[in-house]
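> Build out the structure end to end from the sequences listed, making use of the hints.
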Amino acid sequence: MRQGFPLAARGMVIGLLGGSFDPAHEGHAHITREAMKRLGLDQVWWLVSPGNPLKARQPAPMADRIARAQAVMRHPRVRITDLEARLQTRFTHATLDRLQAIYPGVRFVWLMGADNLVQFHRWDRWQDILAQVPVAVLARPGSGVKARLSRAAQAFRGKQLDRGEWLGGRQPPVWAFINLPMNGASSSAIRARGAWHGGAGGRTQERDAPPVDRAGTSRID
Numbered sequence: 023m024r025q026g027f028p029l030a031a032r033g034m035v036i037g038l039l040g041g042s043f044d045p046a047h048e049g050h051a052h053i054t055r056e057a058m059k060r061l062g063l064d065q066v067w068w069l070v071s072p073g074n075p076l077k078a079r080q081p082a083p084m085a086d087r088i089a090r091a092q093a094v095m096r097h098p099r100v101r102i103t104d105l106e107a108r109l110q111t112r113f114t115h116a117t118l119d120r121l122q123a124i125y126p127g128v129r130f131v132w133l134m135g136a137d138n139l140v141q142f143h144r145w146d147r148w149q150d151i152l153a154q155v156p157v158a159v160l161a162r163p164g165s166g167v168k169a170r171l172s173r174a175a176q177a178f179r180g181k182q183l184d185r186g187e188w189l190g191g192r193q194p195p196v197w198a199f200i201n202l203p204m205n206g207a208s209s210s211a212i213r214a215r216g217a218w219h220g221g222a223g224g225r226t227q228e229r230d231a232p233p234v235d236r237a238g239t240s241r242i243d
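In terms of this note's numbering, the sequence shown opens at residue 23 and continues consecutively.
Worth flagging that the hints you see were computed from the coordinates, not collected in a lab.
Take these hints with a grain of salt, some might be off.
Stated by the list, open to error - List time: in silico DSSO-like cross-link candidates among lysine-lysine, alpha-carbon distance up to 27 angstroms:
| id | residue 1 | residue 2 |
| --- | --- | --- |
| 1 | K59 | K181 |
| 2 | K168 | K59 |
| 3 | K168 | K181 |
Note that the structure is a prediction, hence the values are computed from the model and not measured.
Below is the structure:
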């Protein structure tokens, strides 16, 4: 296996959670734990995305965001990665193509927030993504109804499963809406409070936020 790439064996079911994680917070950790439990995932890989040169606002440095993510999400079956930077891919469909080539026999499941399903049809080659891997749509505060009525949900209504735990064993296109207990944490809200500045090895904490749970979609905010 290439240096810097997580190890995975054939037959494993691995969830992929992509985002800028600017910064990572307990909401990310919460949906990761819930996804592992409800979907029967062997691992979850966080894909911490590089900055987008086309956007005016750039995220904190990659090293700071990864350090913060590692501090927030401490779980033996979760990997915090910079795979998209290593693969030099800009779009999700390209990332999936590369990962499936590098990890033959591994069953990937794309994890995305319900808020992202609302605008999923704007993603580059979004229909190809649904044809590449099963997709788990994770409930997010205030996005449930809009997500279910979204263009992507309507286009693939006949491919929706009632039970998320079946996703990993099905051939795409297939997706499921996963209802979760809500966690209102938001990267944009943390930044708006001035509670995230990067640096400090990712140790900056949100003010007035609950302690990070140590036990335990751009994409996820």
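> Each of the hints needs a verdict: does it hold here or not?
Okay, the hints, checked on the actual structure:
Restraint check: the Cα-Cα separation between K59 and K181 comes to about 22 angstroms, which is no more than 27 angstroms; the hinted pair holds. As the CA atoms of K168 and K59 are separated by approximately 25 angstroms, the hinted pair is consistent with the 27 angstroms bound. About 18 angstroms separates the Cα atoms of K168 and K181, which keeps this hinted pair within 27 angstroms; it holds.
Consistency note: the structure conflicts with none of the earlier hints.
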